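Chains as they are written, first to last, in this note's numbering: chain A, 1 to 109; chain B, 1001 to 1113.
No lab work stands behind these hints, which were simulated from the structure alone.
Keep in mind it's a predicted model, so treat the numbers as computed, not measured.
Hints may be right or wrong, so weigh each one.
Lysine-lysine pairs mimicking BS3-like chemistry, simulated, CA-CA at most 27 Å apart [said to hold, decoys possible]:
| no. | chain 1 | residue 1 | chain 2 | residue 2 |
| --- | --- | --- | --- | --- |
| 1 | B | K1053 | A | K96 |
| 2 | A | K42 | B | K1003 |
| 3 | A | K96 | B | K1013 |
| 4 | A | K2 | B | K1018 |
| 5 | B | K1003 | A | K45 |
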Amino acid sequence: RKEVEQDPGPFNVPEGATVAFNCTYSNSASQSFFWYRQDCRKEPKLLMSVYSSGNEDGRFTAQLNRASQYISLLIRDSKLSDSATYLCVVNGGTYKYIFGTGTRLKVLA
Amino acid sequence: DVKVTQSSRYLVKRTGEKVFLECVQDMDHENMFWYRQDPGLGLRLIYFSYDVKMKEKGDIPEGYSVSREKKERFSLILESASTNQTSMYLCASSGPVSNQPQHFGDGTRLSIL
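Chain A extracted, bound-state conformation (with noise of 0.2 Å):
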């Protein structure tokens, strides 16, 4: 099993639609994590960090599940400008983070 696993997509959308990735992590020790934004050919950028209680920037929306060992992203009213690969990362430590492959989404117009 990966340590960090997510959907690779893509998730075909349409504009104003609303849309949730998950990401599975293995190890129950791990302590922080992260959603970075790719877009193609580009390096990844910091989306938002998952707080225990959940946390909201705008249209997106992080939680965290420790008991079932998984965070999710949502994102309400999709615009065309969301189309990018969304990467999880989990912190197991201060220089151990890991990396899911990511979640093509591509809104639609």
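Got chain A; can you put chain B on it based on the hints?
Then chain B, alone, in the frame of chain A:
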């Protein structure tokens, strides 16, 4: 904002050459990392450093070495470039505690001919 700068966006080298990739960060971060990213494989850690002159192997260190002589600079060296090292190379830095995210440079797309 954290700024991580990689020396080249695109680089073309020949098999057998010694290749240097440079990375500089301006946030006084203790930790710096080198990854490569290939289609279908995601990001794979090559080396990381948690302090000046300190380095640790990542998951795929073979064929690479690193240097960290100053806190802000972390160099990746391909001792004798081979075609299977053609890839996107990403440098990242992070602060000293595990709940701090990594910040990435723009990446270097390296082609070995």
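Discussion item. Of the numbered hints stated earlier in the document, which are not met by this structure?
Written reply: Numbers 3, 4, in rising order.
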